[in-house]
Amino acid sequence: MEKPDDRLNRAVTPFPFGKPLHREALRKLPMPEKVRIVVALQKIAAPILRARGETPTVWDIEV
Amino acid sequence: MRATLHYLRQMHESGIIGGYAIGGAMAATFYIEPVTTFDLDVFVVLPQEADGLLLSLGPLYDYLRAAGFKEDKECVVIHGIPVQFLPAFNPLVEEALANAIETDYDGIKVPVFSPEHLTAIALQTGRGKDKARVQSFAESGVLCPEKLTGILTRHGLEGKWKSLTTD
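Here the protein sequences come in this chain order: A and B. According to our numbering, the residues represented by the first sequence are 1 to 63, in order. According to our numbering, the residues represented by the second sequence are 1 to 167, in order.
I should point out that these hints are in silico values taken from the structure, not numbers from a laboratory. A hint or two may mislead.
Stated by the list, open to error - Pair ranges (Cβ atoms, derived):
no. : chain 1 : residue 1 : chain 2 : residue 2 : range
1   : B       : S56       : A       : K28       : 34 to 44 Å
2   : A       : L26       : B       : S14       : 33 to 43 Å
3   : B       : R127      : A       : R50       : 17 to 27 Å
4   : A       : T55       : B       : D62       : 20 to 30 Å
5   : A       : E62       : B       : G150      : 19 to 29 Å
6   : A       : P20       : B       : G68       : 38 to 48 Å
7   : A       : I37       : B       : D104      : 16 to 26 Å
8   : B       : K147      : A       : P20       : 21 to 31 Å
9   : A       : E62       : B       : R154      : 17 to 27 Å
10  : B       : D62       : A       : P47       : 27 to 37 Å
11  : A       : R23       : B       : E13       : 32 to 42 Å
As the structure is a computational prediction, the values presented were derived from the model and not from experiment. Glycine is no exception: its CB is placed at the ideal position from the N, C-alpha and C atoms.
From just these sequences and the hints, can you work out the full model?
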């Protein structure tokens with residue numbers, strides 16, 4: 001039977017490598033998918049910028 | 001996005017703009033992970049006016065206005081995307097424009113600044129987000145060391161590169 005410590009180690013070990021791997025995966029995405037992510041980021045940032053008095057335009061990529 | 005890039009291509013082919021290339025955050029996104037940006041930076045070589053050396057974006061904006069596109073602050077919204085046209089304003093950007101890489105976006109040919117030139121421009125500009133972009137490029141493995149060294153040397157940016165990448 002697996003000991004609790006083993007399960008913990010298995011969960012924690014990949015952590016230091018998680019962020020670089022995630023960034024590498026993002027780098028390799030096709031450009032249209034990256035653009036969809038940029039628009040998702042814009043939708044997150046826009047209300048914050050509007051609260052500061054800025055007027056960001058979220059892209060309409062369906063045109 | 002595709003429609004915007006296609007329209008830029010048409011503007012180039014019909015002589016409204018000369019050489020052009022995508023720069024800034026969207027150009028970086030072609031090579032590294034996506035980052036938040038709200039405009040598409042397009043660096044252009046403007047056609048020379050017959051009677052003088054003064055280059056102006058005025059005729060370009062007049063053309064786009066006549067085509068029905070709306071202005072949005074310093075940008076023009078072309079098919080849903082705010083595009084900022086920027087003339088090549090210094091030797092590094094001129095070199096980046098002359099050496100842009102023809103890239104494919106969903107079947108459209110798009111000239112994009114090289115990752116080495118984008119890194120050098122970010123070093124030269126030096127805002128917080130530019131420094132973050134330099135770090136992303138440095139860690140990405142997409143930079144050609146020889147090409148980057150040549151650009152940094154030509155434009156006096158080796159010191160900035162060292163100080164940013166050895167911290």
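Evaluated hints:
1. S56(B) x K28(A): 34 to 44 Å: holds, 41 Å
2. L26(A) x S14(B): 33 to 43 Å: holds, 36 Å
3. R127(B) x R50(A): 17 to 27 Å: holds, 22 Å
4. T55(A) x D62(B): 20 to 30 Å: Given a distance of about 24 Å, which is inside 20 to 30 Å, the answer is holds.
5. E62(A) x G150(B): 19 to 29 Å: violated, 42 Å
6. P20(A) x G68(B): 38 to 48 Å: Roughly 45 Å apart at Cβ, these two residues keep to the hinted range, so it holds.
7. I37(A) x D104(B): 16 to 26 Å: About 19 Å separates the Cβ atoms of I37(A) and D104(B), which means 16 to 26 Å holds.
8. K147(B) x P20(A): 21 to 31 Å: holds, 24 Å
9. E62(A) x R154(B): 17 to 27 Å: violated, 42 Å
10. D62(B) x P47(A): 27 to 37 Å: For D62(B) and P47(A) the Cβ distance comes to about 35 Å; the hint holds.
11. R23(A) x E13(B): 32 to 42 Å: holds, 36 Å
Comparing the model with each earlier hint shows violations of hints 5 and 9; every other hint is respected.
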